[in-house]
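Line order of the protein sequences matches chains A and B.
Residue numbers 39 to 377, in the working numbering, belong to the letters of the first sequence in order.
Residue numbers 3 to 273, in the working numbering, belong to the letters of the second sequence in order.
Source of the hints: derived by calculation from the structure; they are not laboratory data.
Check each hint, because a few of them may be wrong.
As the list claims (entries may be wrong) - Where chain B lies over chain A, by a calculated footprint (3+ residues, C-beta under 8 Å):
1. 92 to 106
2. 270 to 277
3. 349 to 363
Remember, predicted model here, so these are calculated numbers, not experimental data.
Backbone N, C-alpha and C fix where the C-beta goes; we use that ideal spot for every residue, glycine too.
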Amino acid sequence: MTPRLLAKKDLGRFIAALAKEAEVWAPVKSTDRENCRFGPVTGAEGICLDCLQTRLPVKELFLPQREILFRFKSDSPARVKPVSDIPARVVFGVRPCDAAALELFDRVFLDPAGDDPYYRHRRERTALIGVACDDPGTACFCTAVGGDPHGTAALDLLLEDIGDRWLCRPLTEKGERLAAARGPAGKDDCAETERRAAAAREQMTFAPDLAQLAEKLAGAFDHEIWEELARPCVNCGVCTYLCPTCHCFDVTDEERHGRGARIRAWDSCQFSLFTRHASGHNPRPTGTTRLRNRTLHKFRYFPHTHGPLLCVGCGRCIIHCPAGIDLRETLETLTATLR
Amino acid sequence: MSAVEKLRARCRELLEKGETDIVLGYRAGRRNGTAVPAFITAAADCDRLILDESCHHNLAAYLPGLRHKGRVTIIAAGPTSRSVVVLLKESQFDRERLRIIGVNDPARDPASPVSGAVLCDEYLGDRAGTTAPADDTALAAFEAKSPAERRQYLAAELGRCIRCYACRQVCPNCYCPTCFVDASRPQWVGRTVDESDSLMFHLMRAMHMAGRCVECGACARACPMDINLMLINRKVGAIVRDRFGHVPGMSLDDPLPLTTFNTEDKQEFIK
Numbered sequence: 039m040t041p042r043l044l045a046k047k048d049l050g051r052f053i054a055a056l057a058k059e060a061e062v063w064a065p066v067k068s069t070d071r072e073n074c075r076f077g078p079v080t081g082a083e084g085i086c087l088d089c090l091q092t093r094l095p096v097k098e099l100f101l102p103q104r105e106i107l108f109r110f111k112s113d114s115p116a117r118v119k120p121v122s123d124i125p126a127r128v129v130f131g132v133r134p135c136d137a138a139a140l141e142l143f144d145r146v147f148l149d150p151a152g153d154d155p156y157y158r159h160r161r162e163r164t165a166l167i168g169v170a171c172d173d174p175g176t177a178c179f180c181t182a183v184g185g186d187p188h189g190t191a192a193l194d195l196l197l198e199d200i201g202d203r204w205l206c207r208p209l210t211e212k213g214e215r216l217a218a219a220r221g222p223a224g225k226d227d228c229a230e231t232e233r234r235a236a237a238a239r240e241q242m243t244f245a246p247d248l249a250q251l252a253e254k255l256a257g258a259f260d261h262e263i264w265e266e267l268a269r270p271c272v273n274c275g276v277c278t279y280l281c282p283t284c285h286c287f288d289v290t291d292e293e294r295h296g297r298g299a300r301i302r303a304w305d306s307c308q309f310s311l312f313t314r315h316a317s318g319h320n321p322r323p324t325g326t327t328r329l330r331n332r333t334l335h336k337f338r339y340f341p342h343t344h345g346p347l348l349c350v351g352c353g354r355c356i357i358h359c360p361a362g363i364d365l366r367e368t369l370e371t372l373t374a375t376l377r
Numbered sequence: 003m004s005a006v007e008k009l010r011a012r013c014r015e016l017l018e019k020g021e022t023d024i025v026l027g028y029r030a031g032r033r034n035g036t037a038v039p040a041f042i043t044a045a046a047d048c049d050r051l052i053l054d055e056s057c058h059h060n061l062a063a064y065l066p067g068l069r070h071k072g073r074v075t076i077i078a079a080g081p082t083s084r085s086v087v088v089l090l091k092e093s094q095f096d097r098e099r100l101r102i103i104g105v106n107d108p109a110r111d112p113a114s115p116v117s118g119a120v121l122c123d124e125y126l127g128d129r130a131g132t133t134a135p136a137d138d139t140a141l142a143a144f145e146a147k148s149p150a151e152r153r154q155y156l157a158a159e160l161g162r163c164i165r166c167y168a169c170r171q172v173c174p175n176c177y178c179p180t181c182f183v184d185a186s187r188p189q190w191v192g193r194t195v196d197e198s199d200s201l202m203f204h205l206m207r208a209m210h211m212a213g214r215c216v217e218c219g220a221c222a223r224a225c226p227m228d229i230n231l232m233l234i235n236r237k238v239g240a241i242v243r244d245r246f247g248h249v250p251g252m253s254l255d256d257p258l259p260l261t262t263f264n265t266e267d268k269q270e271f272i273k
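Excised from the complex, chain B in its bound form (with noise of 0.2 Å):
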């Protein structure tokens, strides 16, 4: 039996046997080499379900929206498990009613450190593990600029933003009911395309990312406008690990960096 035969078998049985209410995985798209997340709450359904290498999306920023929606069980490779221990630190779900079917990630993006799920309550053939993060001489050559420098590139890079949100609208993390942007009375940032408009939108969401992001590249890969938003979530990263030392989605017992007070958090900042 093939991986994707034997990830069928086990969600028909989940759902004949009442273990389970709704399987989120992936289903082929109309277009060749295309898949679309899989909602699927009938056993025979099951035979839709593929694991391919188009099989992308981060499933994880659909749990927010099926809190109320009875058991699910989540089709999860590496970065779709880390954003799931990240929302269940964050309770954004209930354990008790989630079951995650590790994988390896078949769509493997360079960008993501991980391959097989971190978390999980049975896995789907071999365990692949974590490997080192990928050079990040994108990162370092940003390093390398003056902050003059880099707030003109942020500026040419934003520029293009077209403020149509698919960055916001694939993240696990950004689950809030009411985005920032999104405040109309008052209205905090301006609804335009200009500098200040968009440059207010993306590093603010950067800041809320701090020390939550899994940097599973689900917002650069929803752009349309080919934004490499993925520099600045891996410069918040490298804050992060920098000074806390902490990797976000890894394990569900390290606490959250940033709603943690420790005395030995760094503080030469206070003079």
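Chain A extracted, bound-state conformation (with noise of 0.2 Å):
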């Protein structure tokens, strides 16, 4: 597939071609604040790409934070209407770590025993814009879970900044339509993106042997050390909301007068209700063991059920953490206390 070219300047006139096909969404500035997200856009204008990544990553694009899964009515039998009208989309300006947390989502949501009808709709009916990272955040290790600051994956066209304009890359047929329009790529430019790619992976030292960490992970499960990684620990949800691997959900029936919906909303294993049974009991019952259900659901339990960590090395619970705890400490903590 033919390496495109983009004029910055462009952007405007190429998210409004865009936007006549489908509904179009990139990171957005919120008013007076930090805080970037995801939203619609129609235009250059709003479109915030100096942030390295939005607050919330691309995940709730796929699986929102709340959705209705369907309405009821108590007085007959139920009729399942599966909601299922999103529009086609494109979403413009995804890091490579948040895309590639849709690869993993796809091992849980799409499998083929039993496949999520709601995120396959949202994933069919969108195509991924990438936009790679030239200058990684202090707290960015995607290099450490086998992701890459230019990396490609689940995205239809990854744009690279080679100056005043961007290297457009075709990925999938989707991203190969999406660029059509644009003229091709010389050598240089090409030459330019991979200078620009080493230098980013460069600027990431963390590289600690996470496939050793897993198999010394299978044997900790009661080991002491759970005990002081917990301790500043607040047991709140930010690490997991934040997380664009983490995608536990909750469902509930909220009824009145008879009518009623059935509510999927994101849920965190940070929280205490997350397993307390019926009975009162709860396995879970401290933050230690909480604490613990995440660290080795990411780094032993998915690697071992599917094959590549549960974790894209973004940072945002590392920068988020109200407490201070950094990921990568826990990690280096856990390789040299574990045997």
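Using the supplied hints, reconstruct the complex from the two chains, each of which is provided in its own coordinate frame.
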């Protein structure tokens, strides 16, 4: 597939052309604060590409924090009418780590044994345009977990900065169509992206042996180190809700005057309620057991079941942890402590 | 000896002499300019203690969890010490098992009118006092709005809430074994981010904070969505000051305004 070029000054026209065919979403800065989030756009106006990443990862466009699965009436047999009115969408400005997380989601929600129609519908109806990272943040560590600042996983088109233009790398047929109107890039342009990618990789020095750690974690369930690691943790849901790969949810029925809706909403393994049984018994009664679960799910259970780690190294949990817990330090401590 | 060296030496001494079991302070985080609450039990580990502008956490939030863990020494600047006062008054920690090392607030939040510890057993360095609260133009602007505008503002501000409960979890006042939003049999509040659910959570929480919130700002700093939670806290604080003349966490002797009946309480709302 031929790499193409997009002048940055033409971004408005590019977005406007996309918007004729589909709903376009991009990182948008909310008024008066740093908090960038994916929002609908029709041109270049409002799009923020200065922020390294949106506060909430792109997962919210595929697994919304709250969605109505179906509505029902209590006085008649349940008539399940799945909601599937998602329009065709193009998401612009996705970082490679956030996109890579969707490949992990696919393993969970597109399981041939019983996939999730809500998720499938959104995935099929959405094209992803990524923007590569040339200047990783102080908490970024995608290279340590199998990612890359210029990674292409799950993307249809990757934009790589080469000064006043982007090199557009089509990765799928969808991506090829999105960039079809652009002129081809030259060899020098491609070499420039290689140079920038290498420089970005060099900025991330965290390189633990996570395959070895996964082995060590297999026998670490009852280790006393978890208590020490969990002491500063306040058991909020920041790390899970801001995580591009955390995907646990809760399903509740809300009913009033005989009419109701089944609602799916994000849930977090850091909450006590997450595992509380109807009997009142809670198999994960303490913060220690909950922090242990999150760590083991990402670095032991998920790789054991699916292969890849359940972490893309975006660093949001590190930057926004109210207690200042750094996942990289947790992994280093575990590596050093466990045998 | 610098202030932090003095702090380390004193904590080492306390642990070595067996006068305390845990020192609750701060250590450096892995990333430059960050701190992590530290729970030090070995004298040799006291060298890890730090005290600089990255030490912004309200350490009192960890006290209820240390209730059965022996004798605790807490490093307390103004905001933490005021929360300690509230916890002691609400019988959430045994004063006999608590040693407070007062310090001046290294992370001095402009939102907090108090820098130095208000209650301590010993003080590190020269004790900073209480300064007047900063002009609160944001609160004045909020109060100038009509009720409909206020509701609109709160709905927009709280509409960004993702229900991660970071605000609740870092708050020393939020020690209920089961929070009302976690009650599930029956479920009192929906678990979504719908306006009604988010408003219910935050406004109920604000009610629970009345007369107790020391306005340390920990909730606002913890919020990943940058919600202006301090506006709500300050509004509640202003109401309590106005009606009861009470500023929470300044003294162990003040009666708690909302649990103490006083015949002179304003009651013009009874008509």
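_Outcome, coverage of the region 92 to 106 of chain A by chain B - at least 3 residues whose beta-carbon is closer than 8 Å to one in that chain_ = Three-residue rule met by the region 92 to 106 of chain A, so holds; n is 4.
*Count the residues of the region 270 to 277 of chain A with a beta-carbon closer than 8 Å to any beta-carbon of chain B: does the count reach three?*
holds (count 6)
*Quick check: the region 349 to 363 of chain A, covered by chain B? Criterion 3+ residues, Cβ under 8 Å.*
Our answer is that it holds, as 6 residues pass the Cβ test (under 8 Å) against chain B, meeting three.
Consistency with the previously given hints is maintained throughout, with no hint failing.
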